[in-house]
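Taken in sequence, the protein lines are chains A and B. Under the numbering used here, the residue at position 46 of the first sequence is numbered 262, and the numbers go up by one with no gaps. Under the numbering used here, the residue at position 180 of the second sequence is numbered 396, and the numbers go up by one with no gaps.
Wrong hints could be hidden among the right ones.
[Claimed, not checked] Selected chain A positions facing chain B (in silico; Cβ < 10 Å):
#, residue
1, P227
2, M362
3, N365
Derived by calculation from the structure, the hints in this document are not laboratory data. No residue lacks a Cβ here, since even glycine has one placed at the ideal position from N, Cα and C.
There are 2 protein chains.
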Amino acid sequence: MENLIKSVPEPTLKRLPQYIHLLKKLKEDGIRQISSNTIANELNLDSIQVRKDLAVTGVVGKPKLGFDLEELYSALLHTLNWDNSTDAFLVGMGSLGSAILGYKTFPEYGLNIIAAFDNDEEKIGQSFAGTEVLSSDKLTDMIKRMHINIGVITVPANEAQKVAQQMIDGGIIAIWNYAPVHLKVPPEIIVVNAQLSQSLGVLTHKLAERLRYLNL
Amino acid sequence: MENLIKSVPEPTLKRLPQYIHLLKKLKEDGIRQISSNTIANELNLDSIQVRKDLAVTGVVGKPKLGFDLEELYSALLHTLNWDNSTDAFLVGMGSLGSAILGYKTFPEYGLNIIAAFDNDEEKIGQSFAGTEVLSSDKLTDMIKRMHINIGVITVPANEAQKVAQQMIDGGIIAIWNYAPVHLKVPPEIIVVNAQLSQSLGVLTHKLAERLRYLNL
Numbered sequence: 217m218e219n220l221i222k223s224v225p226e227p228t229l230k231r232l233p234q235y236i237h238l239l240k241k242l243k244e245d246g247i248r249q250i251s252s253n254t255i256a257n258e259l260n261l262d263s264i265q266v267r268k269d270l271a272v273t274g275v276v277g278k279p280k281l282g283f284d285l286e287e288l289y290s291a292l293l294h295t296l297n298w299d300n301s302t303d304a305f306l307v308g309m310g311s312l313g314s315a316i317l318g319y320k321t322f323p324e325y326g327l328n329i330i331a332a333f334d335n336d337e338e339k340i341g342q343s344f345a346g347t348e349v350l351s352s353d354k355l356t357d358m359i360k361r362m363h364i365n366i367g368v369i370t371v372p373a374n375e376a377q378k379v380a381q382q383m384i385d386g387g388i389i390a391i392w393n394y395a396p397v398h399l400k401v402p403p404e405i406i407v408v409n410a411q412l413s414q415s416l417g418v419l420t421h422k423l424a425e426r427l428r429y430l431n432l
Numbered sequence: 217m218e219n220l221i222k223s224v225p226e227p228t229l230k231r232l233p234q235y236i237h238l239l240k241k242l243k244e245d246g247i248r249q250i251s252s253n254t255i256a257n258e259l260n261l262d263s264i265q266v267r268k269d270l271a272v273t274g275v276v277g278k279p280k281l282g283f284d285l286e287e288l289y290s291a292l293l294h295t296l297n298w299d300n301s302t303d304a305f306l307v308g309m310g311s312l313g314s315a316i317l318g319y320k321t322f323p324e325y326g327l328n329i330i331a332a333f334d335n336d337e338e339k340i341g342q343s344f345a346g347t348e349v350l351s352s353d354k355l356t357d358m359i360k361r362m363h364i365n366i367g368v369i370t371v372p373a374n375e376a377q378k379v380a381q382q383m384i385d386g387g388i389i390a391i392w393n394y395a396p397v398h399l400k401v402p403p404e405i406i407v408v409n410a411q412l413s414q415s416l417g418v419l420t421h422k423l424a425e426r427l428r429y430l431n432l
């Protein structure tokens, strides 16, 4: 399976969790085979698109029978590396940071947030969702010592660049950035932006469009 | 300005918040003019892409001087309808729902979550971030009475479809869905998915790719 981890376009990667969520549910319902047409119908996607997306897993469906559901599910998890557990540190214990730390589903997605950091003296030493909050002063050193690869940034915009630098100094390779700011990082560092505003803009734009149409 | 609200491709819409965040910062720094090249450099984007993206606002830059920053900023807000305030209801007061309710920046993005709902008797009547949690039984009726257009879903996957239906029955037009499930809705309903797993999959895939490369 190792050679399945190869370059997949980002829009495809973003659709894969949908397939995983659907297949998980169907597995629980006892379904064992599924066609790409059924998947396309269930998710309201184009079936050619679905076939292309699923092809990145390397799993081949059988004519008429479709895919072995268990095999396809495992291969999708493997493509996103969700069949492995990766340790991560989170910095910024505001409301969003606390929510992410408390989100019970991330371990299913291979993400294991094992420590949280903040620079607020009142938060340091407190425990959230079973994890003690540590001082941000220790961040770089602990990343080095524990060989952490993923950093999650949930600090305010004006602190995010500094935190990113502390993470990179410690040896972080991949940053999941929730702060509403563009991080400047060396080209070898992976930054994936996860600002809630991205999808909110799509929503508010489309709603305005729809309301104007309805008023016509 | 009204006629500026027209169909814009989704990938463009998702990039607009980046420009807004950058321009907001530069405005605070006292900058008044900016070229698309400078914006492209600051955000590490292709400058042709930036020019195309900004063209959807209808604002035209001056040769050599570039854009009037204030004008461009206002037009970007207008394109996303973030210069208007839209009332929304949120359903699901778990850790993510509480975080979203407590997120102080949403009003800047035109989103005003004015009521929160849950079906957990222990949460009903409690107050989060200044908003009282109401019983989900009241959801449909209150949407009708208050003419609410946006519904935010932060319930677990297995409850999301039911909540979506209650929202639609009340007259909700646009759903911001955080539940890891595909919602089945009539074609006139706008659903924008905001599952955190979407961007996490990109992160964990790219990290696995990078680690394999480094091990070579």
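How the hints compare with the structure:
1. P227: Check passed: Cβ of P227(A) comes within 8 Å of chain B, closer than 10 Å.
2. M362: Given a least distance of 16 Å, the restraint on M362(A) is violated.
3. N365: 6 Å, holds
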